[in-house]
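Colleague: Residues per chain are reported as follows:
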Amino acid sequence: MNEHRLVMTGMPAAGKTTFLAALWSLGISPHANVSYRTEYIEGDVGYLNKIGLAWAECTELGHTEFSRVESCVLRLRDARLGTSERLAIPDLSGEVFVHLLKERAWDSRVAGPLLETEGLLLFVNCEKVQEPAWIFESEAPADTPTTPWSPELIPTQTQLVDLLQCICDLRSHRETRLAIMVSAWDRAASIYADPSLWMSDHLPLLTQYLVANSLVWPNKAFGISAQGGPLPQDEARLLAMSPDERPFIVEGAASTSSADVALSPHDLGAPVRWLVAR
Amino acid sequence: MTDEAVATLSSPAGYHAAAGEALSVADSFSITRRAPTIVVAPLGPQGCGKTTLITTMYDQFQLGPFAGHLFAGSESLIGLENRSFLSRTVSGETNARTERTEVGAGEQYLHLRLQEERQHERPRDVLIADMSGEIFEKLRDQPALAAQFPVIQAAHALAVFVDGELLASAKRHHSVLYDARMLLAAIVQEAPPNPHRIFQIVITKWDVLAKVGRAESEVRNEVLQVADGLLPRPASQPDLFVTAARPGGSAAPWAYGCAALLSSWMKLDSEQAAMDEQWQATADRFFDRFKAHTRT
Chain A
1 MNEHRLVMTG MPAAGKTTFL AALWSLGISP HANVSYRTEY IEGDVGYLNK IGLAWAECTE
61 LGHTEFSRVE SCVLRLRDAR LGTSERLAIP DLSGEVFVHL LKERAWDSRV AGPLLETEGL
121 LLFVNCEKVQ EPAWIFESEA PADTPTTPWS PELIPTQTQL VDLLQCICDL RSHRETRLAI
181 MVSAWDRAAS IYADPSLWMS DHLPLLTQYL VANSLVWPNK AFGISAQGGP LPQDEARLLA
241 MSPDERPFIV EGAASTSSAD VALSPHDLGA PVRWLVAR
Chain B
279 MTDEAVATLS SPAGYHAAAG EALSVADSFS ITRRAPTIVV APLGPQGCGK TTLITTMYDQ
339 FQLGPFAGHL FAGSESLIGL ENRSFLSRTV SGETNARTER TEVGAGEQYL HLRLQEERQH
399 ERPRDVLIAD MSGEIFEKLR DQPALAAQFP VIQAAHALAV FVDGELLASA KRHHSVLYDA
459 RMLLAAIVQE APPNPHRIFQ IVITKWDVLA KVGRAESEVR NEVLQVADGL LPRPASQPDL
519 FVTAARPGGS AAPWAYGCAA LLSSWMKLDS EQAAMDEQWQ ATADRFFDRF KAHTRT
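From first to last, the protein sequence lines stand for chains A and B. Sequential numbering of the first sequence, starting at 1, is according to our numbering. Sequential numbering of the second sequence, starting at 279, is according to our numbering.
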């Protein structure tokens with residue numbers, strides 16, 4: 001059995017838990033056309049079942065509590081190769097990365113997995129990007145109260161570059177595969193065919209950083225919609241569909257030559273497959 | 279899931295992340311030791327626009343590649359963001375401004391790691407000094423104080439800033455040129471001789487001069503005279519740049535002249551600094567000494 005350790009990173013409400021719920025649920029479904037199927041249920045999967053049930057009911061998943069680190073282990077069979085894989089992928093609250101940004105200290109429960117991981121999934125919700133905007137003479141707001149500076153107010157792309165730089169330091173600049181997970185892709189899919197292009201337009205600082213540091217961060221972008229549409233607006237439409245067919249994924253360009261890895265448009269296991277491929 | 283089932287992962291305690299703020303001389307040593315580093319010293323009185331110009335260069339990378347380079351990282355990312363904040367709408371300010379660099383902050387550096395867009399070269403580190411204008415007012419009056427500032431000794435580029443807004447003022451016009459000449463004279467006198475060091479003059483707030491109808495060529499010629507007879511050979515004249523980091527109105531585009539200035543610094547690396555190992559060794563020795571001094 002092959003052992004893998006991955007870490008999901010990203011700011012709060014970036015889609016980490018919803019992705020995990022969909023990955024788990026598709027793995028146990030008999031009909032889903034995905035890279036990985038659940039081979040064996042190991043340990044207590046109460047948390048995975050809880051988020052899996054919510055996902056099946058199209059219920060928006062709440063934020064993962066700051067104080068909790070859910071240690072999730074998935075025992076999977078690779079649908080292509082037939083190999084057995086054990087994947088440890090803790091569900092960390094996005095608040096721990098806000099804590100890092102503000103306090104410049106790693107939550108001790110996060111540093112361990114990050115040191116041991118063989119790949120990172122970096123989540124960014126395409127609907128919740130705080131882009132930089134400057135004051136120009138003609139656009140000065142009239143009577144807005146001034147706001148004291150806080151690291152939380154810096155643009156999303158700067159927060160993510162800062163996070164990657166901190167992880168890079170923590171890992172002593174070891175090469176680490178990075179899957180950039182652009183979540184809520186259903187909102188961007190009508191405009192962008194490729195999540196890499198969305199990144200160039202909306203996260204140009206992060207895009208430059210990744211191009212310049214592709215030796216440390218071999219990377220590939222994925223557009224993912226783990227629910228298949230916006231909630232609660234699309235709830236009725238989504239509930240009428242098979243859960244296996246709701247999620248969809250779009251593969252973007254990779255920094256290294258890489259063939260597409262998804263078995264189907266619904267294969268949320270594709271980023272995992274790309275991260276653990278050697 | 280029960281609380282008992284919540285895993286406690288292996289927990290190496292005590293991992294601190296880099297502060298990401300502006301770097302002290304000692305902090306910057308980790309960068310200069312790792313690879314040849316371009317060190318730039320913007321020099322000028324309070325309010326002449328040194329910090330605004332640096333943060334405007336950084337802001338341009340928020341939008342995409344700038345001056346033929348990609349943003350490859352920064353060890354002072356939080357410091358750059360902090361300095362840029364009052365020019366962002368999120369601050370709630372009605373006019374873009376830059377918080378004044380305090381004299382008590384001493385000598386600090388903002389760091390950029392940049393890579394040529396063509397990606398033929400490895401990323402290069404640039405350290406840009408961010409010091410209070412009050413320090414330079416003292417240096418102008420007492421040149422010997424330069425010995426206390428590593429950046430004056432070790433910088434590859436010494437750039438004297440001339441405030442365009444004051445140049446546009448009938449009352450301040452001559453005094454601002456006088457001030458620039460005296461500061462340049464003090465720096466040229468006290469900086470250790472090095473044929474590869476370059477001196478620059480940077481006119482800021484060009485938009486204000488443009489609004490009062492000054493022609494750029496005329497202003498250039500006038501300001502260049504500040505350096506007459508001061509520079510050591512072979513450089514008889516400093517390079518001169520005309521900039522408007524955050525212009526008001528339509529007199530100049532945003533970041534006017536900033537790309538040319540940044541490009542001039544990045545060229546230093548390949549054309550001068552990297553070729554001159556002796557110079558790098560001199561700079562390293564100085565930083566070594568400073569580091570030892572700060573430890574004791």
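Any given hint could be a false lead.
[What the hints assert, rightly or not] Taking CB as the label site, the calculated pair distances span:
#1 V381/B <-> G43/A: 56 to 62 angstroms
#2 S172/A <-> A425/B: 56 to 62 angstroms
#3 D517/B <-> E95/A: 32 to 38 angstroms
#4 L341/B <-> E95/A: 25 to 31 angstroms
#5 A537/B <-> S190/A: 54 to 60 angstroms
#6 A313/B <-> D234/A: 49 to 55 angstroms
#7 G370/B <-> L231/A: 43 to 49 angstroms
#8 Q515/B <-> S190/A: 53 to 59 angstroms
#9 H451/B <-> H173/A: 36 to 42 angstroms
#10 S190/A <-> E500/B: 52 to 58 angstroms
[To be verified] Rough simulated footprint, nothing fancy, chain A against chain B, three-plus residues with beta-carbon under 8 angstroms:
#11 295–308
#12 356–363
#13 369–382
#14 407–413
Keep in mind that the hints were calculated from the coordinates and are not lab data. Ideal Cβ positions, reconstructed from N, Cα and C, are used throughout, including at glycine.
Colleague: Each hint: holds or not?
Modeller: Outcome of the hint check:
no. : hint                                  : verdict
1   : V381/B <-> G43/A: 56 to 62 angstroms  : holds, 60 angstroms
2   : S172/A <-> A425/B: 56 to 62 angstroms : violated, 38 angstroms
3   : D517/B <-> E95/A: 32 to 38 angstroms  : violated, 49 angstroms
4   : L341/B <-> E95/A: 25 to 31 angstroms  : holds, 29 angstroms
5   : A537/B <-> S190/A: 54 to 60 angstroms : violated, 35 angstroms
6   : A313/B <-> D234/A: 49 to 55 angstroms : holds, 51 angstroms
7   : G370/B <-> L231/A: 43 to 49 angstroms : violated, 32 angstroms
8   : Q515/B <-> S190/A: 53 to 59 angstroms : holds, 57 angstroms
9   : H451/B <-> H173/A: 36 to 42 angstroms : violated, 52 angstroms
10  : S190/A <-> E500/B: 52 to 58 angstroms : holds, 56 angstroms
11  : 295–308                               : holds (count 4)
12  : 356–363                               : holds (count 4)
13  : 369–382                               : holds (count 6)
14  : 407–413                               : violated (count 0)
The structure shown violates the earlier hints numbered 2, 3, 5, 7, 9 and 14.
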